[in-house]
Structures are given as C-alpha cells and as structure tokens.
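Peer 1: Could you build the full structure based on these sequences and the hints that come with them?
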Amino acid sequence: MSVSSVRSRLRTVALEMDRRLVAVGIVSIGAAIVGTSAVAGGLENYLPLYYLYGSLVAGNVTLITIVVSINQLVLSRDFGSPGQLRDEIRQTIDFHRSATNRADVPFEPTPFFRASIVQLEASASALERSVAGEETELTAAVSTLTGRIDDHVSTVRARLEGDPSWSPPLLALVVAVLPVRYMDFIRSVQRVQSEFANELSSAERTETALEEVRTELEQLDVARYYFVSMAIQRDLSRLSQSLLYTGVPAIFLSIAMLVRLAGYETTAGAESTIGLTVVAVLTLAVGLLPIGLLTAYAVRISIVARHVSITPFDSRLEREPRER
Numbered sequence: 000m001s002v003s004s005v006r007s008r009l010r011t012v013a014l015e016m017d018r019r020l021v022a023v024g025i026v027s028i029g030a031a032i033v034g035t036s037a038v039a040g041g042l043e044n045y046l047p048l049y050y051l052y053g054s055l056v057a058g059n060v061t062l063i064t065i066v067v068s069i070n071q072l073v074l075s076r077d078f079g080s081p082g083q084l085r086d087e088i089r090q091t092i093d094f095h096r097s098a099t100n101r102a103d104v105p106f107e108p109t110p111f112f113r114a115s116i117v118q119l120e121a122s123a124s125a126l127e128r129s130v131a132g133e134e135t136e137l138t139a140a141v142s143t144l145t146g147r148i149d150d151h152v153s154t155v156r157a158r159l160e161g162d163p164s165w166s167p168p169l170l171a172l173v174v175a176v177l178p179v180r181y182m183d184f185i186r187s188v189q190r191v192q193s194e195f196a197n198e199l200s201s202a203e204r205t206e207t208a209l210e211e212v213r214t215e216l217e218q219l220d221v222a223r224y225y226f227v228s229m230a231i232q233r234d235l236s237r238l239s240q241s242l243l244y245t246g247v248p249a250i251f252l253s254i255a256m257l258v259r260l261a262g263y264e265t266t267a268g269a270e271s272t273i274g275l276t277v278v279a280v281l282t283l284a285v286g287l288l289p290i291g292l293l294t295a296y297a298v299r300i301s302i303v304a305r306h307v308s309i310t311p312f313d314s315r316l317e318r319e320p321r322e323r
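In terms of numbering that gives the first Met the number 0, the sequence shown is residues 0 to 323.
Simulated from the structure, these hints should not be mistaken for laboratory data.
Treat the hints with care, as some may be off.
Per label pair, the in silico range of CB-to-CB distance [what the hints assert, rightly or not]:
1) E194 x G24: 47 to 57 angstroms
2) D183 x L257: 50 to 60 angstroms
3) S7 x T109: 19 to 29 angstroms
4) E194 x S27: 51 to 61 angstroms
5) V278 x R237: 27 to 37 angstroms
6) Q83 x V221: 17 to 27 angstroms
7) E134 x S75: 55 to 65 angstroms
Since the model is a prediction, treat every value here as computed from it, not as a measurement.
The C-beta atom is built at its ideal place from N, Cα and C for all residues, glycine as well.
Peer 2: Structure representation (structure tokens):
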C-alpha cells in the first residue's frame, strides 16, 4: 500500500466518515485492548471497577455540561434582532446574485459553488481573449494565470461532480475546497496588475477583465469561508446532540453497574468472574463512547479550522499541501 493511499484513507476517516462510526471504532479498539488484558490477567478484585465507573459518572457529567454549554454559547451568536436578520438575508441574496450572475441558481451550497466556478471560468476566458494575438510579456503572464485558473476549475469541478460520498452535501463541498488557496490566485492577479501597470493603462479591456477575475476570486474565497463556518456550526450542534444521546444513558448505566457491584464480594468464582468481565468491558465501552464522539468531532473541526484563519499573513506550515 502506497503512502498516498494511506494518507487518502486517513483523510477520509478524519474528514468525511460519519463521526459516530469513527467514535465507535475508537471505543471498539480500546474495548478490545481492555478486554484482552482482563481475560488474560483474570478479574478477581472488583474494587478497581468501582473507581472506573465512578470516574465515568463524574467525567461524563463534566464533559456533557461543559461541551454542551460552550457549544450553545457559540451557536447562540447567530441569533439577532429582526433588523439584523433582514440585513443578513438581503446581503446573502445580493452576494448570491453577484457571485453567479444568474437568478436560477438554487440557494444550496454545491449548486451555488458550481455556478460560481463556471462564472470564474468565463471571466478567465474573457481575460485570455483580451490579449489574444499579442506577443508580449503581459500576454505570457496572463496565459500563465488563466492556465492555473483553468486547472483549478477542472479540479474543483471534478471533485464536485465525482462519485457521491457518504458525506452530507455541505461537508462534501467543504472537503472539496478545503485545500484551495484563493489568496494565492488573488496575489497573482495583483502582481500582474502591478508589474504591467503601464501596459494596462492603454489596454482597458484587459484591465477590466483582470479586475473581474479578481472579484470572482474574492467572492469564491468568501463563499468558501462561509461554507466552512456553516460546516463547523453543524458539527458543533451535532456534537451537543450526540453527547446528550450517548452521555446520559452512559451515566445511568455506570450508576447501575456501581449498584450491581455492591452485591459482589471482593473475590468470586471463575464463572462469575468471566461473566462480569464481559459485562464490565461492554459497559465501560458504552461509558467511553461520549469521549470517543468528542475525539472524532474535535479532529475534524480542528483540521477544518486550521484552513480558515483570515489574516494578512500565512501562518500555516510550508509542508501543508497547496491547491494550485
């Protein structure tokens, strides 16, 4: 198995796979290790189980309380007054219209982004036609720029129109555009505008086409950041919901096991020990499921958030892949 294949599968697990399946996988691996150790060593003293279940009760109560409270605080920032909501809706409609130049594009992430990519491709073609037939340094610079844009459009279009994955549409779009660096394209446009300012002053058509390409790139970057923030908000809400659905039963199950263990002596026969070992491993796995969910969601949210910081400087490591 090649390194690229391993990285692709790890990326799929970290970003695209259902977080519940990832959490179950993490807990299953831990339960297998604990179960193997318990069966191999024998479970003769039940006192450690008291501490384990007591820790699970306290830990899950703390985990659910803190994580759900913080998530609700973050999500509550999206609410506003009717005037603010009206302005946001109008701004969204205006942005949708300006980014696609069409009124028939649905207000859904994937069709909208696909239409925006088509609009960028049209602007790049208009820029290339504006310098057609000329043999100058400006023509070479424009050809290099439009070539990069065409490659990018083809790559993103292939990702958006590829085989459907098990990810929701919004997450599939975010994964497709996550490594894209539109600021690199915008800087390339600005470099052409700066280096060939004299030539562009007498080539109004090319100058206008360059400005249109830059505007389309900015709008795509804004849309990318917006969709990524939407995906993070949805993950936070799903995390809160999943923690409540799994954490509350895990707490009561741990309490029930504490009550059950109170009926056992310090040591027991081999038959009772084997039965209790199986039950203990299964209930501990259920008790650790909220932590597995938190880990699964935290991995994806942290990877996504690392790509969306808006600053005048690039703080990401050079070894991270760049989309050209």
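Peer 1: What are the numbers of the hints the structure violates, in ascending order?
Peer 2: No hint contradicted; all consistent.
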